[in-house]
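Q: Same order as they appear, the protein sequences are chains A and B. Residue numbers for the first sequence follow this note's numbering, beginning at 1 and rising by one. Residue numbers for the second sequence follow this note's numbering, beginning at 1001 and rising by one.
Certain hints may be false.
Per the computed footprint, the stretches of chain B lying under chain A, defined by three or more beta-carbons under 8 Å from a beta-carbon of chain A, are [claimed, not checked]: (1) 1052–1060; (2) 1122–1130; (3) 1259–1266; (4) 1300–1312; (5) 1370–1384.
Keep in mind the hints are simulated off the structure, nothing from the lab. Given the structure is predicted, the values throughout are model-derived calculations rather than measurements. Built from N, CA and C at the ideal position, the CB exists for glycine as well.
There are 2 protein chains.
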Amino acid sequence: MIMRDVAIVGVGMSKFGERWSSGLKDLMAEAGIAALEDANISSHEIEMLYGSTMASGRFVGQEHTAALMADQLGFHNIPAVRLENACASGGSALRQGYIAVASGIHDIVVVGGVEKMTDVTSGEASTALGGAGDQEWELFQGITFPGLYALMAKRHMYEYGTTEEQMASVSVKNHDNASKNQYAQFRRAITIDDVMRSKMVSDPLKLLDCSPISDGAAVAVLVPLEKAKKYNDTPIKIVASAQASDTLRLAERDSLTEIKATKIAAQNAYKQAKLEAKDIDVVEVHDCFSIAEILAMEDLGFYKKGKAAKAIADGETTLNSKLSVNTSGGLKGCGHPVGATGIKQAAEIVWQLRGDAKERQVKNAEVGMTHNVGGSGATAVVHIYKRAD
Amino acid sequence: MIMRDVAIVGVGMSKFGERWSSGLKDLMAEAGIAALEDANISSHEIEMLYGSTMASGRFVGQEHTAALMADQLGFHNIPAVRLENACASGGSALRQGYIAVASGIHDIVVVGGVEKMTDVTSGEASTALGGAGDQEWELFQGITFPGLYALMAKRHMYEYGTTEEQMASVSVKNHDNASKNQYAQFRRAITIDDVMRSKMVSDPLKLLDCSPISDGAAVAVLVPLEKAKKYNDTPIKIVASAQASDTLRLAERDSLTEIKATKIAAQNAYKQAKLEAKDIDVVEVHDCFSIAEILAMEDLGFYKKGKAAKAIADGETTLNSKLSVNTSGGLKGCGHPVGATGIKQAAEIVWQLRGDAKERQVKNAEVGMTHNVGGSGATAVVHIYKRAD
């Protein structure tokens, strides 16, 4: 297997949030044009598009969204494929784009994610998102997605003494980071007390433990590393791309307190990159719920099982502490338009490694990671990035 | 770009039809187990899964269907990605599977498509399928999918004198082929008169000009050609894989009487295979409506524009005539569970090239083709196949 190195030479995002006056196509254009401009590339140079949306059929009646994005961005007649892996759709698209360039099939590939979630009621949105789990054996029986993560949280509390205040500290940190991000849905700090007093969603998860319903898009341009300087002075190299799956059904997993797909994907990514957890300077992890960030910090190898919650509460993962986690604000603070999230994570790491993250810049960031989860853990995608120069 | 040859060593299908007592997972298992048995391979050898479903979220509330299929078929913890390109989802999955093996990223890849459409009303199914077109600018304005193809049919009739009886002959031929296919939804012959007297759906398209709502699944196993004989005595080589896109909006196309994406994909496929249209012995084309098969025969280069309808009516494309077209029964006769169709087409060509197509066997079939279209032509995927020995 002969593989080429792959670099990201352009990224773009729409503002995340409740974008009442913007449709699916507007969001695609906003992020897409920004990414093409960032890569200093014209639309007719693009050879392939991997698009990601999760449930656009249920949110806005639109399937076939990759061909739509290719059309909207002026990529005339190129192959375009939509990928859907629930909330890991974006990470999955990034990985397929990486494979297409690494293998030499294509030179210039765009990966673009979008979701327009606010055109339906929050009840309808929850039902649509429930499609990420096993419809017949979980959702149809009455459990909601917050309910699945609440089960994991309860078990983590039981086994490791994790507290609700510790979980709340994840949201406090992520809102703090989001307050420094112009693209974020929630640009305001919150306190532990705010989280603890927010409405109960599914015991022990409260409203402010949960990522929001959001509209938004994110786009990245991938090229072979050897050609990257033509497009951007600070290309960011993808040094690992790994993905794993697991049963959709929480009840059939080996453990309620770990995401096995994350562990497998992380192990494969570290191996490919020849790096260890301690080498990572900045990471975007999948904090769909506060407990999910705690699981991620453990399953990615940053902390031993049962040790992450206290470390986060102690401030070890705030901006420019021991390890800067979710500097974008994460899913909780930046917003979670599901199909866009995995690519937004990559955009944030690109900005961090370029030194372009402004107020939220991690000092001397050299190695970054993204971690994107689908459903309650049936899919996990991990990428590792380095400055190319 | 160094590429390996890729072969299909196993295919399997569920019975297509109104499968009231079978859910999404049952259909996956029925086709998947058949494909694994055909390839004489065990589930733990599979390295990657590309799954295709179009609108499972709207049909059965289930997204994240590739991870679900990986779980259902016992492919523990491998990367699994769902692809969605409307009715071309299956062809798109096959192409990504081809790329994964050809590039050397993976050795053993499964591509599997499924759709469970009959759990909703036909009105709800039509609305879901409408997501293949431009929701804001076409469907929301009131046009249906049959309506879009009816516009193409009307223009083809106006420009080339194509008649309703000629269109009807497509359905008659495809039902005749379906009557010989154990997996087909409609195993009965029909007459021109039956089609002409069937209920008008969208003038000039009548009920029997339209492919049905179906449940079904189809699965294929792909490996490098050099390893193929380990799994199957008659591996079928994929000699070309090409895909193209176009605007989703019919009104913005250059022409109403051709599918530009088909033309581009076909040109690229012929070039890759170093073959011409006259070299093809058996082809599965995308006959979602009878007019679509006429367009396909022209856009794939088998007939000059405006000449296919008469040729089909004259019997030039019946079984073992000049060119055997849609020996499976096509979408019309075999059924059209949208996510499965592109992979079912490949299964039919594999059986034909192996000489295993029984009653519907094309004599001396050496070169086969599949043609899968998404929406009203915004995606087209073309593959060409040969016996490997």
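Q: Take the hints in turn and mark each one as holding or not.
A: Okay, the hints, checked on the actual structure:
no.: 1; hint: 1052–1060; in the structure: holds (count 6)
no.: 2; hint: 1122–1130; in the structure: holds (count 3)
no.: 3; hint: 1259–1266; in the structure: holds (count 3)
no.: 4; hint: 1300–1312; in the structure: violated (count 0)
no.: 5; hint: 1370–1384; in the structure: holds (count 4)
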